[in-house]
Every structure is written in structure tokens, then in C-alpha cells.
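Just so you know, the sequences run in chain order A and B.
Here our numbering is used: the first residue of the first sequence is 1, the next is one more, and so on.
Here our numbering is used: the first residue of the second sequence is 1, the next is one more, and so on.
Note that these hints are calculated values from the structure, not bench results.
Among the hints, erroneous ones may be present.
What the hints assert, rightly or not - Capping the alpha-carbon separation at 25 angstroms, the derived lysine to any residue pairs in SDA-like fashion look like this:
no. : chain 1 : residue 1 : chain 2 : residue 2
1   : B       : Lys-14    : A       : Gly-43
2   : A       : Lys-3     : B       : Leu-61
3   : A       : Lys-38    : B       : Arg-9
4   : B       : Lys-57    : A       : Arg-100
5   : A       : Lys-38    : B       : His-10
6   : A       : Lys-3     : B       : Met-89
7   : A       : Lys-38    : B       : Pro-8
8   : B       : Lys-71    : A       : Arg-99
9   : A       : Lys-70    : A       : Phe-54
10  : A       : Lys-38    : B       : Gly-40
11  : A       : Lys-3     : B       : Glu-44
12  : B       : Lys-57    : A       : Thr-5
13  : A       : Lys-38    : B       : Gly-3
14  : A       : Lys-38    : B       : Tyr-104
15  : A       : Lys-3     : B       : Thr-38
16  : A       : Lys-38    : B       : Asn-30
17  : A       : Lys-38    : B       : Asp-7
18  : A       : Lys-3     : B       : Lys-57
19  : A       : Lys-38    : B       : Ser-87
20  : A       : Lys-70    : B       : Thr-102
21  : A       : Lys-70    : B       : Gly-98
22  : A       : Lys-38    : A       : Gln-111
23  : B       : Lys-57    : A       : Asp-96
24  : B       : Lys-11    : A       : Val-46
25  : B       : Lys-57    : A       : Arg-50
26  : B       : Lys-11    : B       : Arg-22
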Amino acid sequence: AQKVTQAQTEISVVEKEDVTLDCVYETRDTTYYLFWYKQPPSGELVFLIRRNSFDEQNEISGRYSWNFQKSTSSFNFTITASQVVDSAVYFCALSDTGRRALTFGSGTRLQVQP
Amino acid sequence: DTGVSQDPRHKITKRGQNVTFRCDPISEHNRLYWYRQTLGQGPEFLTYFQNEAQLEKSRLLSDRFSAERPKGSFSTLEIQRTEQGDSAMYLCASSLAGFQDTQYFGPGTRLTVL
Numbered sequence: 001a002q003k004v005t006q007a008q009t010e011i012s013v014v015e016k017e018d019v020t021l022d023c024v025y026e027t028r029d030t031t032y033y034l035f036w037y038k039q040p041p042s043g044e045l046v047f048l049i050r051r052n053s054f055d056e057q058n059e060i061s062g063r064y065s066w067n068f069q070k071s072t073s074s075f076n077f078t079i080t081a082s083q084v085v086d087s088a089v090y091f092c093a094l095s096d097t098g099r100r101a102l103t104f105g106s107g108t109r110l111q112v113q114p
Numbered sequence: 001d002t003g004v005s006q007d008p009r010h011k012i013t014k015r016g017q018n019v020t021f022r023c024d025p026i027s028e029h030n031r032l033y034w035y036r037q038t039l040g041q042g043p044e045f046l047t048y049f050q051n052e053a054q055l056e057k058s059r060l061l062s063d064r065f066s067a068e069r070p071k072g073s074f075s076t077l078e079i080q081r082t083e084q085g086d087s088a089m090y091l092c093a094s095s096l097a098g099f100q101d102t103q104y105f106g107p108g109t110r111l112t113v114l
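Based on the sequences and whatever the hints tell you, model everything.
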């Protein structure tokens with residue numbers, strides 16, 4: 001069975017601080033895919049990144065970076081120099097070859113104060 | 001590019017009434033998913049289509065729920081005899097089957113059952 005755990009329910013930071021959102025996953029499949037989505041107050045889920053299980057390279061996109069570690073089944077997301085516009089709920093999600101649908105974590109609400 | 005669209009955006013109904021939601025996927029996408037999201041939770045999978053075939057249904061999809069994708073393009077989700085527990089955001093996503101099978105979400109339909 002698949003499971004995604006986001007232990008941080010809510011994080012509050014001041015603008016320009018760095019913040020890391022944690023994600024731990026469980027799956028029996030050796031081929032799987034990990035995702036991060038952002039849900040701003042408007043409600044629409046916005047795709048941020050997809051990672052394949054066989055590609056453990058970390059990725060950086062502007063102020064965003066992702067750290068994928070198979071050894072600890074974690075796929076953490078770091079925002080550098082946070083901005084007020086980063087305030088949203090962030091979801092980590094998992095799919096594998098046995099199940100195309102996404103299994104989501106419960107989300108982490110990030111509040112960036114000016 | 002036109003993203004995933006959903007109609008209506010909001011629906012208020014009385015308990016016992018039937019409601020129908022529509023989802024139009026990204027035009028070249030052959031996979032279409034329905035999810036439900038309640039307050040403070042991550043989205044939960046309901047069902048998924050590849051072209052017009054419904055390939056998977058969640059245990060969450062009770063007998064009162066039915067989904068169709070008659071021509072492999074748009075999809076409808078109908079809830080019969082609505083209950084207060086059906087109040088939620090109903091999200092539609094689409095993807096293109098293949099190596100980069102990433103789901104893109106629509107804005108959702110918020111259902112309130114009085």
C-alpha cells in the first residue's frame with residue numbers, strides 16, 4: 001500500500017527566511033514517481049515537480065530545490081529566501097506502476113509573514 | 001494552452017438532490033482523474049479513465065456516485081441523493097499516458113449540501 005506523510009501541519013516564517021517542507025513516503029514498488037503541488041488560497045493545485053525513483057539527482061529551480069533520498073524514503077522541498085507569494089498549502093504525492101492515481105499527503109500550510 | 005476546466009465552480013444543493021459536474025481536460029490528454037478534497041486534507045482519489053474506459057474506482061466511490069467519459073474527451077461526475085457528507089471540493093485532473101505522465105488539475109467544483 002502507498003502512504004505519504006507530511007508531518008508538518010503548519011509552518012510560519014518571516015520573509016527571506018529559508019524553509020524546508022518534509023515528505024516521507026511508503027511504497028512496495030521499485031518504480032514510482034514523486035510530486036509536489038502547491039495549493040494557493042484560490043484553491044487550484046499547481047504542479048511543481050515530478051521525480052522518478054531511478055533518478056536521485058537533486059533539483060533546483062530558482063528559489064525552489066528538492067532533495068530526494070531513497071535511503072530514507074524522503075523527498076523534501078526547500079524554498080530559499082521565502083516570499084509572501086509562497087504562502088500556500090503544499091502537497092507531496094506518490095504514484096507507482098501499480099496505481100496511476102496520486103496518493104497525497106495531508107499537506108503543509110506555509111505562511112510567510114512580511 | 002487551455003488548462004483543465006471544470007463547471008460549475010460552486011454548487012449549493014439540498015440533501016437528497018442529484019448533482020452533476022463536468023470536467024474538460026487538456027485537449028491532447030487521454031487520462032482523466034476525479035479526486036475529492038475535504039477541508040484540511042489532501043485530495044483523495046475517486047476514479048480514473050483512459051480514453052473512454054473507466055479503469056479504476058476507489059472504495060470512496062459509493063453506489064450514489066457515477067462517472068462517465070463517453071467520447072474520451074470531457075467527463076461528468078454525478079452524485080445521486082446527496083448527503084451532507086458529500087460536501088467537498090471535487091477536483092479533476094488530466095494527463096498524457098507515457099513517460100511524463102504528470103497530472104494537471106482544474107480549479108475544482110465546491111459542493112455544499114444543506
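The hints, checked one at a time:
With a C-alpha separation of about 24 angstroms, the suggested pairing of Lys-14 (chain B) with Gly-43 (chain A) holds against the 25 angstroms cut-off. In summary, the hint linking Lys-3 (chain A) to Leu-61 (chain B) is supported, as the alpha carbons are separated by about 20 angstroms, within the 25 angstroms threshold. For the suggested pair Lys-38 (chain A) and Arg-9 (chain B), the alpha carbons sit about 19 angstroms apart, so the restraint of at most 25 angstroms is met. With a C-alpha separation of about 11 angstroms, the suggested pairing of Lys-57 (chain B) with Arg-100 (chain A) holds against the 25 angstroms cut-off.
For the hint linking Lys-38 (chain A) to His-10 (chain B), the alpha-carbon distance of about 21 angstroms falls within 25 angstroms, and the restraint holds. Between Lys-3 (chain A) and Met-89 (chain B) the CA atoms are separated by roughly 22 angstroms; this keeps the pair inside 25 angstroms, and the hint holds. Restraint check: the Cα-Cα separation between Lys-38 (chain A) and Pro-8 (chain B) comes to about 22 angstroms, which is no more than 25 angstroms; the hinted pair holds. Note on Lys-71 (chain B) and Arg-99 (chain A): the hinted pairing holds, with a Cα-Cα distance of about 24 angstroms set against a maximum of 25 angstroms.
Only pairs whose Cα atoms come within 25 angstroms are accepted, and Lys-70 (chain A) paired with Phe-54 (chain A) is accepted, the gap being roughly 9 angstroms. Between the alpha carbons of Lys-38 (chain A) and Gly-40 (chain B) the distance comes to roughly 14 angstroms, so the proposed pair stays at or under 25 angstroms and holds. As the CA atoms of Lys-3 (chain A) and Glu-44 (chain B) are separated by approximately 12 angstroms, the hinted pair is consistent with the 25 angstroms bound. Of the pairs offered as hints, the one joining Lys-57 (chain B) and Thr-5 (chain A) holds, with about 23 angstroms between alpha carbons and a cut-off of 25 angstroms not exceeded.
Taking the CA atoms of Lys-38 (chain A) and Gly-3 (chain B), the gap is about 16 angstroms. The hint holds against a cut of 25 angstroms. Between Lys-38 (chain A) and Tyr-104 (chain B) the CA atoms are separated by roughly 12 angstroms; this keeps the pair inside 25 angstroms, and the hint holds. The suggested pairing of Lys-3 (chain A) with Thr-38 (chain B) holds, with an alpha-carbon distance near 18 angstroms, which does not exceed 25 angstroms. Distance restraint check for Lys-38 (chain A) and Asn-30 (chain B): the Cα-Cα separation of roughly 24 angstroms lies within the 25 angstroms cut-off, and the hinted pair is therefore satisfied.
Restraint check for Lys-38 (chain A) and Asp-7 (chain B): satisfied, since their Cα atoms lie roughly 22 angstroms apart, inside the 25 angstroms limit. The straight-line distance between the Cα atoms of Lys-3 (chain A) and Lys-57 (chain B) is roughly 18 angstroms, inside the 25 angstroms bound, and the hint therefore holds. For the proposed pair Lys-38 (chain A) and Ser-87 (chain B), the alpha carbon gap of about 22 angstroms is at most 25 angstroms, so the pair holds. At roughly 21 angstroms between alpha-carbon atoms, Lys-70 (chain A) and Thr-102 (chain B) fall within 25 angstroms of each other, so this suggested pair holds.
The straight-line distance between the Cα atoms of Lys-70 (chain A) and Gly-98 (chain B) is roughly 23 angstroms, inside the 25 angstroms bound, and the hint therefore holds. The hinted pair formed by Lys-38 (chain A) and Gln-111 (chain A) meets the criterion: a straight-line CA distance of about 13 angstroms does not exceed 25 angstroms. A C-alpha spacing of about 16 angstroms is found between Lys-57 (chain B) and Asp-96 (chain A), which places the hinted pair at or below 25 angstroms, so the restraint holds. For a cut-off of 25 angstroms, the pair hint linking Lys-11 (chain B) to Val-46 (chain A) stands: about 23 angstroms separates their Cα positions.
For the suggested pair Lys-57 (chain B) and Arg-50 (chain A), the alpha carbons sit about 24 angstroms apart, so the restraint of at most 25 angstroms is met. For the hint pairing Lys-11 (chain B) with Arg-22 (chain B), the CA-to-CA distance comes to about 12 angstroms; that is within 25 angstroms, so the pair holds.
Comparing the model with each numbered hint stated earlier shows that all of them hold.
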